[in-house]
Each structure stands twice: as structure tokens, then as C-alpha cells.
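Chemist: In case you want the letters, here they are:
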Amino acid sequence: MPFENDHILIRRFKEGDRSSFEELVHKYHGRIYNLCRYMLNNSKDAEDATQDSFLKSFRNFEKFDPAFPFSTWLYRIAVNTCIDYRRKPFFLSFLKRSKEGEDSEYDHPSALPSPEESYESKELGLQIDAGLRSLSPKLRAAIVLKEVEGLSYEEIAGVLDVSIGTVKSRISRAREELKKNLAGFREQK
Amino acid sequence: MRCTESTKLLSEYLDGELSPGDRESLESHLNECARCSGEYQAFLKIHESFKTRGFDAPPGLAARIIESLPERKAQTEEKADFWSAHTVFTRFAGAFTLMILIAAGTISGSFLAKSFITQSNTNSLENGFATASLSLDVFEPAPQDSAIGADLLMEGSNEK
Numbered sequence: 001m002p003f004e005n006d007h008i009l010i011r012r013f014k015e016g017d018r019s020s021f022e023e024l025v026h027k028y029h030g031r032i033y034n035l036c037r038y039m040l041n042n043s044k045d046a047e048d049a050t051q052d053s054f055l056k057s058f059r060n061f062e063k064f065d066p067a068f069p070f071s072t073w074l075y076r077i078a079v080n081t082c083i084d085y086r087r088k089p090f091f092l093s094f095l096k097r098s099k100e101g102e103d104s105e106y107d108h109p110s111a112l113p114s115p116e117e118s119y120e121s122k123e124l125g126l127q128i129d130a131g132l133r134s135l136s137p138k139l140r141a142a143i144v145l146k147e148v149e150g151l152s153y154e155e156i157a158g159v160l161d162v163s164i165g166t167v168k169s170r171i172s173r174a175r176e177e178l179k180k181n182l183a184g185f186r187e188q189k
Numbered sequence: 001m002r003c004t005e006s007t008k009l010l011s012e013y014l015d016g017e018l019s020p021g022d023r024e025s026l027e028s029h030l031n032e033c034a035r036c037s038g039e040y041q042a043f044l045k046i047h048e049s050f051k052t053r054g055f056d057a058p059p060g061l062a063a064r065i066i067e068s069l070p071e072r073k074a075q076t077e078e079k080a081d082f083w084s085a086h087t088v089f090t091r092f093a094g095a096f097t098l099m100i101l102i103a104a105g106t107i108s109g110s111f112l113a114k115s116f117i118t119q120s121n122t123n124s125l126e127n128g129f130a131t132a133s134l135s136l137d138v139f140e141p142a143p144q145d146s147a148i149g150a151d152l153l154m155e156g157s158n159e160k
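Those sequence lines, one after another, are chains A and B. When the first sequence is numbered by this note's numbering, its final residue is 189 and no position is left out of the sequence of numbers. When the second sequence is numbered by this note's numbering, its final residue is 160 and no position is left out of the sequence of numbers.
Some hints could be false.
Keeping only pairs whose Cα atoms sit at most 25 Å apart, straight-line, the calculated DSS-like set for lysine-lysine is [what the hints assert, rightly or not]:
| hint | chain 1 | residue 1 | chain 2 | residue 2 |
| --- | --- | --- | --- | --- |
| 1 | A | Lys179 | A | Lys63 |
| 2 | B | Lys8 | A | Lys179 |
| 3 | A | Lys44 | A | Lys138 |
| 4 | B | Lys51 | A | Lys180 |
| 5 | A | Lys122 | A | Lys180 |
| 6 | B | Lys114 | A | Lys138 |
| 7 | B | Lys51 | A | Lys44 |
| 8 | A | Lys180 | B | Lys114 |
| 9 | A | Lys180 | A | Lys138 |
| 10 | B | Lys51 | A | Lys122 |
| 11 | B | Lys114 | A | Lys179 |
Calculated directly from the structure, the hints in this document are not laboratory data. Small disclaimer: the values here were computed from a predicted structure and weren't measured.
Go ahead and model the full structure; you've got the sequences and the hints to work with.
Modeler: Next comes the structure, spelled out in C-alpha cells:
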């Protein structure tokens, strides 16, 4: 029961047990990194955004409503952090961030394809990456929360603070855009 | 089911969020329509490609995050927060008081000005000067039967 465990950790943290928050970091940092990596399409920014998201949640912990899952709140912070990263002025991005799709040496895909599948999977992966880059942050967040994090429409609505109808529409539009992008990529080849 | 309806439902169908009735109608349409079936296969391919692509967090990221967390708020910081909130309140109170003083000054100033004019008018009357003496009425011709009028008439006849 991860939901209950989170609430126990949260209660302990509120009572002054710092190690409980550290447990939450260990538990969620992988998922938050994965989300940020897909949102920002760049490992260095994803790492910074993951760190910022946990820092924000730590500093604003009194604003967390225990009636909702901690993960939903954390995802919301991470999505907003990633959107803010994309909004940063050009000169800041020039100084600090690397470009989208520019990966560092420690970016490890967690599910490696078999050798015979590798070429096709890699091609498809590149097409998906290119397609994601072309999506608006709102569409990107919706499709990533669905496809990567496997959240339900209701959970995504909670994270993005929109109605379930809006979530359905955004996911459908994102898939349509990705499909068009894939078709365009194949036509070019 | 028509193709336009089917296209709208494909995404929800893929996510398993369709009602049993809609799911059944869509499935029977997909079995008959090659175009819609192709659309669904394209969505499915995208869905599968996400499954095979996940990114592991870099080693040591959790440790770096934990290291970057600040110490929990000490008593003094809480006090500082209270005082900073207090300062904001004081600033608002100060601005409000200043506005009240300005408003009171304007109102009392207008009252004082009015009372000054009234008082000066009363003094003028007491000194035998008509209020109208301050106005252009003084240039109106003096009545002929008044003392000044008689003088003016005499001067006029002397000139002739």
C-alpha cells in the first residue's frame, strides 16, 4: 500500500523526522527524473529539474494537503518546474542549459531492446523524441503522464489541475500530433 | 459507428477508459474498417514505443538531492518569518495612516479656508466696507443723488 506508506512518512516528517523525507526522495526520484527527462528531452536539465522539484516540495511542505496522494502533488511540482525551465529566457538557457535532445554520458535507457530490435527501436525512439519536442508543454505533460508514468485520466487531471475531459482531449491531440510526426518522418526517408 | 466517431474514441480505447457499450461498438467498427484499424495500429505503435523507452536516474542523484536540502526551519527562522510578516503589516498600516492623514488634512483645510473667508467677510462689514467693494461693482456709476455722484456732476460742469 504505497499510498499509506507515504502518509506515514509525511506524518513523521511533519513531526521533525528529516529521514522520512529522504525516504520519499529515494522512492520517487527515479519516476520524477523519468518524467523530467521526457518533458525536457535532455538529461542535464532533467537532473536539475528533479532536484528543484524535491527542493520545492521540501520548502513548501506545509502547503501539501494530505487528503491527496503525495505523488500527485510531487508530479504537479515537477511538471510546473519543467514548464518553467522551458520558459527561461534565452540568455539564461544559453548560460545554464544544454539544448533539447543533447544527452550526457550518463543517460541510461532503462529497457534496452534486443540486438535485432535495436535499430528499429532506436529509429522509432528518435522519432518519438522529435515528436515530443514539437508538442506544446501542456500536450507533452499529458501524454508523458499517461504513457510514461501510467497515470489514470483522473490522476492526470489532479496533477495538471484540469478536468478529465481536458485530459482526454490533450492526450488524443498529442497522439495525433505524434502520429503525424511519424508519418512525416517516414515520408522524408 | 462512423469513422469520425471512431477516430475520437481511439485514444480512450487504447487507455482502457471507454464504457463497455462504446468499446463494443468501436471494436466491431475496427473489425470492418481498415482505415480506422490502421489509425489504431499507429496509436498502438506509439504506445508500445513509450513502453520500451524509460530513463534511469543518474547514479547518485538521490544523494545529491538529499545533500541539497536545507536544514529544517529553526526557531530563530520562524521568528524571522514572524517579524518579516510583522514588517509587511507595519508597512501597510503606515501607508494606511498616511492616507488617512492626507484625507483629514484636505478636509480640515477646506473647512479652515471656508471659515477664514466667512470671518474676513464679517470683518469687512464690521469695518464699513461692503463685500461688493472687492468686486468689480465698484466701477458701476454712482447714483446721481449720492454725495460722490454730486461731486462728479460738479467736476463735469467745471470741465465744460
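Chemist: It remains to establish, for every hint, whether it holds in the given structure.
Modeler: We went through each hint and held it up to the structure:
1. Lys179/A / Lys63/A: violated (39 Å)
2. Lys8/B / Lys179/A: Measuring from Cα to Cα gives roughly 14 Å; hence the hint holds.
3. Lys44/A / Lys138/A: With a Cα-Cα distance of about 21 Å, the restraint between Lys44/A and Lys138/A holds, given a limit of 25 Å.
4. Lys51/B / Lys180/A: At roughly 20 Å apart (the allowed maximum being 25 Å), Lys180/A and Lys51/B satisfy the hint.
5. Lys122/A / Lys180/A: Since the Cα atoms of Lys122/A and Lys180/A sit roughly 19 Å apart, the hinted pair holds (cutoff 25 Å).
6. Lys114/B / Lys138/A: Roughly 65 Å between the alpha carbons, so the hint for Lys114/B and Lys138/A is violated.
7. Lys51/B / Lys44/A: holds (22 Å)
8. Lys180/A / Lys114/B: violated (80 Å)
9. Lys180/A / Lys138/A: holds (18 Å)
10. Lys51/B / Lys122/A: holds (13 Å)
11. Lys114/B / Lys179/A: Since the Cα atoms of Lys114/B and Lys179/A sit roughly 81 Å apart, the hinted pair is violated (cutoff 25 Å).
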